[in-house]
Amino acid sequence: MSFAHRHLLGIEPLSPQDIVTILDLAETYVDLNRQSAKHADVLAGLTQINMFFENSTRTQASFELAGKRLGADVMNMAMQASSIKKGETLIDTAMTLNAMHPDLLVVRHPHSGAVDLLAQKVNCAVLNAGDGKHEHPTQALLDALTIRRAKGRLHRLNIAICGDISHSRVARSNLILLGKMENRIRLIGPPTLMPSGIGEFGVEVYDDMREGLQDVDVVMMLRLQKERMDGGFIPSEREYYHRYGLDAEKLALAKPDAIVMHPGPMNRGVEIDGTLADDINRSVIQDQVEMGVAVRMAAMELLARNLAAEPRE
Amino acid sequence: MTDLLFTNARLIDPEAGTDAPGWLHVVDGRIAATGTAEAPAPEAGETLVDCGGMCLAPGIVDLGVKICEPGERHKESYRSAGQAAAAGGVTTIITRPDTAPAIDSPETLEFVTRRAQADAPVNVLPMAALTKGRQGREMTEIGFLMDAGAVAFTDCDHVVEDTKVLSRAFTYARSLGALVIGHPQDTGLSKGAAATSGKFASLRGLPGVSPMAERMGLDRDIALIEMTGARYHADQITTARALPALERAKANGLDITAGIDIHHLTLNEFDVADYRTFFKLKPPLRSEDDRQAVIEAVRSGLIDIICSMHTPQDEESKRLPFEEAASGAVGLETLLPAALRLYHSGDLSLPQLFRAMALNPAKRLGLGAGRLSTGAPADLVLFNPDTPFVLDRFQLKSKSKNTPFDGGRMQGRVLATYVAGEPVYRRD
Numbered sequence: 001m002s003f004a005h006r007h008l009l010g011i012e013p014l015s016p017q018d019i020v021t022i023l024d025l026a027e028t029y030v031d032l033n034r035q036s037a038k039h040a041d042v043l044a045g046l047t048q049i050n051m052f053f054e055n056s057t058r059t060q061a062s063f064e065l066a067g068k069r070l071g072a073d074v075m076n077m078a079m080q081a082s083s084i085k086k087g088e089t090l091i092d093t094a095m096t097l098n099a100m101h102p103d104l105l106v107v108r109h110p111h112s113g114a115v116d117l118l119a120q121k122v123n124c125a126v127l128n129a130g131d132g133k134h135e136h137p138t139q140a141l142l143d144a145l146t147i148r149r150a151k152g153r154l155h156r157l158n159i160a161i162c163g164d165i166s167h168s169r170v171a172r173s174n175l176i177l178l179g180k181m182e183n184r185i186r187l188i189g190p191p192t193l194m195p196s197g198i199g200e201f202g203v204e205v206y207d208d209m210r211e212g213l214q215d216v217d218v219v220m221m222l223r224l225q226k227e228r229m230d231g232g233f234i235p236s237e238r239e240y241y242h243r244y245g246l247d248a249e250k251l252a253l254a255k256p257d258a259i260v261m262h263p264g265p266m267n268r269g270v271e272i273d274g275t276l277a278d279d280i281n282r283s284v285i286q287d288q289v290e291m292g293v294a295v296r297m298a299a300m301e302l303l304a305r306n307l308a309a310e311p312r313e
Numbered sequence: 001m002t003d004l005l006f007t008n009a010r011l012i013d014p015e016a017g018t019d020a021p022g023w024l025h026v027v028d029g030r031i032a033a034t035g036t037a038e039a040p041a042p043e044a045g046e047t048l049v050d051c052g053g054m055c056l057a058p059g060i061v062d063l064g065v066k067i068c069e070p071g072e073r074h075k076e077s078y079r080s081a082g083q084a085a086a087a088g089g090v091t092t093i094i095t096r097p098d099t100a101p102a103i104d105s106p107e108t109l110e111f112v113t114r115r116a117q118a119d120a121p122v123n124v125l126p127m128a129a130l131t132k133g134r135q136g137r138e139m140t141e142i143g144f145l146m147d148a149g150a151v152a153f154t155d156c157d158h159v160v161e162d163t164k165v166l167s168r169a170f171t172y173a174r175s176l177g178a179l180v181i182g183h184p185q186d187t188g189l190s191k192g193a194a195a196t197s198g199k200f201a202s203l204r205g206l207p208g209v210s211p212m213a214e215r216m217g218l219d220r221d222i223a224l225i226e227m228t229g230a231r232y233h234a235d236q237i238t239t240a241r242a243l244p245a246l247e248r249a250k251a252n253g254l255d256i257t258a259g260i261d262i263h264h265l266t267l268n269e270f271d272v273a274d275y276r277t278f279f280k281l282k283p284p285l286r287s288e289d290d291r292q293a294v295i296e297a298v299r300s301g302l303i304d305i306i307c308s309m310h311t312p313q314d315e316e317s318k319r320l321p322f323e324e325a326a327s328g329a330v331g332l333e334t335l336l337p338a339a340l341r342l343y344h345s346g347d348l349s350l351p352q353l354f355r356a357m358a359l360n361p362a363k364r365l366g367l368g369a370g371r372l373s374t375g376a377p378a379d380l381v382l383f384n385p386d387t388p389f390v391l392d393r394f395q396l397k398s399k400s401k402n403t404p405f406d407g408g409r410m411q412g413r414v415l416a417t418y419v420a421g422e423p424v425y426r427r428d
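Chains as they are written, first to last, in UniProt numbering: chain S, 1 to 313; chain P, 1 to 428.
In isolation and in its complexed conformation, chain S is listed as follows (with noise of 0.2 angstroms):
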């Protein structure tokens, strides 16, 4: 098993065959994790810093316990509360923390890139836990084991992306994993929240969102991003909600056994109809969750088998 990448820093650098490694080895941590003794030490002696300078709850909360479970000493330091107050740049923060000899530093910023930027700086392992409007691939890549347990393959799938696409980091990931592995991609959403360009990406567009669901396997709803609109991207939540929000009447026109999935958190009854997220027949939302961990520990364990076998300075 081989993964020749010292970071993780999006989708687009991996290959096929690196994607179904990480999701092999992350099935053998869905067992662990079922498991009451959830231990496995392979990062033990390892130290891990999570560096978050957007605020997050669920992600963060996902990277410290995927460190743990591994034996890793995990810290969380809040970006925003700290030293880019004081005028720090993101770089000298680097290198401070770089002299503190991490092994694995988990970061998300608000900037696209800024994650490259910091990983040029470190001599540690760096994860990219979402950058800017770039990409969020641990994300990308949970979804794509939800999808792989829930349909069997991860291949010749209809998956439609629905709502703030331009705004995403998780879309643009999925968009790339999910292309990588031979799927047919839709991306459903009104206009003024589709990337520009978006005809060259290879994937079907559609501003008609019953029509964009027919037959569809996956249905892959986003997060409607109140706190990136600089304002007048749609007219308002209630039109949205009723052109695009997902519920039972328009998931009819999916296939019968299509799934349900939302990167969270929910904006219930502005993107996604409440009983419907919530049905277990339907949505894989709870499942993306337990997967988040899974992946998280098998990507960490990934790259900090690469940084053993780097002779050390």
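None of these hints come from the bench; they were simulated from the model. Computed from a prediction, not measured in an experiment: that's the story for all the values here. Heads up, the beta-carbon is just placed ideally off N, CA and C, and yes, glycines get one too. One or more hints might be untrue.
[Unchecked claim] Under the rule of at most 30 angstroms between Cα atoms (straight-line distance), these lysine-lysine pairs were calculated in the DSBU-like manner:
{"no.": "1", "chain 1": "S", "residue 1": "LYS226", "chain 2": "P", "residue 2": "LYS199"}
{"no.": "2", "chain 1": "P", "residue 1": "LYS397", "chain 2": "S", "residue 2": "LYS180"}
{"no.": "3", "chain 1": "P", "residue 1": "LYS363", "chain 2": "S", "residue 2": "LYS121"}
[To be verified] Partial chain S-side listing against chain P, Cβ under 7 angstroms, derived:
{"no.": "4", "residue": "ILE91"}
{"no.": "5", "residue": "SER112"}
{"no.": "6", "residue": "GLY113"}
{"no.": "7", "residue": "ALA114"}
{"no.": "8", "residue": "ASP116"}
{"no.": "9", "residue": "GLY132"}
{"no.": "10", "residue": "PRO195"}
{"no.": "11", "residue": "GLY197"}
{"no.": "12", "residue": "GLU211"}
{"no.": "13", "residue": "GLN214"}
Once you've looked at the hints, dock chain P against the given chain S.
Showing chain P alone in chain S's frame:
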């Protein structure tokens, strides 16, 4: 003053559009004669320069150079910029007023003129702001500033949003025959943008601006020129969409010219790659289709002027996430080698390049330079168009080293630069 006789040269004459072997005679800092036949014998006391078949062209007139005095001398001073210019074959620098504070009063203008005279080995002509503090609210003392030596008026990349203010400034400038330089950009669309919208920007998750923003800005400015009769130059036309508007305005007889910086002619949006901030420019790098279209426009003469848009930025302002990083690149020393890429690729001939880099900017500003004709100032550049080298940014003479060509393979190097017949640079 020593008189000079250049022999065995390859004369690049943008006025005649010729690229031919010949000689050139300089007397009292001016070009006295040129010829293609056998060179005359040097007179007593004259220096003979055997060019060895290398190119001799009019020195570059670089319209729109930022020198960071006053305010940020650690980024670029008149001394460092002057040396960079000399090493790059630029014999006349036209400076931008986007300093801190802006050059918007005769007093500041006199300060920079003095600094330039004291420190820069090449000609320096200043531009002044069109509105006070480049705020877009009140016009500057255009008359006094012209008396103090301002050759054009521009708020640089600050677009004057209030059309009433701009129309009045245009009208007033017209009465004085002043040249106004605009930055065509619709500010509503371009706000917050770090890249040109499209597949690349979307994949990188960077906020994008539609190329249409340039066309809208140009359309607005053209309407105001038509209304006021102002003399106008668009600093950078970088998109295919803006070209038909420019063409129509010229066909309608408006007093309009347009420029482009060398980076938009030689690089495209994909060069940004993994968020390389040295490639962050304003306007952002465009698609390859746009690049091809603007090269064609330079060839046809629709775009008149190529400049470096020299914008020094220190390391700190570039070592940031792409969206936060400062825009701009230094270009005084790389303008000619980069422009020669277009020559080696067969896109533009040497006379076409020097028409855009020397003759046209000189003409637009009413300068006698930029040509090889008798009586013109002997501002000359001698260069080997073929010398290959890999650019090392730390070898640049500019104080700031923010060039996108760092590590790039270049072809063509300046051998010597002359201002009014005096050597200001010689490559050992």
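Tested hints:
1. With a CA separation close to 24 angstroms, the supplied pair LYS226(S) and LYS199(P) stays within the 30 angstroms bound.
2. For the given pair, LYS397(P) sits about 47 angstroms from LYS180(S) by alpha-carbon distance, which is inconsistent with the 30 angstroms threshold.
3. Between the alpha carbons of LYS363(P) and LYS121(S) the distance comes to roughly 49 angstroms, so the proposed pair goes past 30 angstroms and is violated.
4. Contact between ILE91(S) and chain P, as hinted, is supported at the beta carbon level, the nearest pair being about 5 angstroms apart and thus within 7 angstroms.
5. Because the smallest distance between the Cβ of SER112(S) and any Cβ of chain P comes to about 4 angstroms, under 7 angstroms, the interface hint for this residue holds.
6. Because the beta carbon of GLY113(S) sits about 3 angstroms from the nearest beta carbon in chain P, less than 7 angstroms, this interface hint is met.
7. A hinted interface residue such as ALA114(S) counts as satisfied when its beta carbon comes closer than 7 angstroms to some beta carbon of chain P; here the least separation is about 4 angstroms, so the hint holds.
8. Among the interface hints, the one on ASP116(S) holds; its C-beta lies about 6 angstroms from the nearest C-beta in chain P, closer than the 7 angstroms criterion.
9. For GLY132(S), the interface hint holds, the least distance from its beta-carbon to any beta-carbon of chain P being 5 angstroms, beneath 7 angstroms.
10. The restraint placing PRO195(S) at the interface with chain P holds, with a minimum CB-CB distance near 4 angstroms, inside the 7 angstroms limit.
11. Of the supplied interface hints, the one on GLY197(S) holds, with its beta-carbon coming within about 3 angstroms of a beta-carbon of chain P, less than 7 angstroms.
12. Checking GLU211(S) against chain P: minimum C-beta separation of about 23 angstroms lies over 7 angstroms; hint violated.
13. Residue-level restraint check for GLN214(S) is violated (minimum Cβ-Cβ distance to chain P is 25 angstroms; threshold 7 angstroms).
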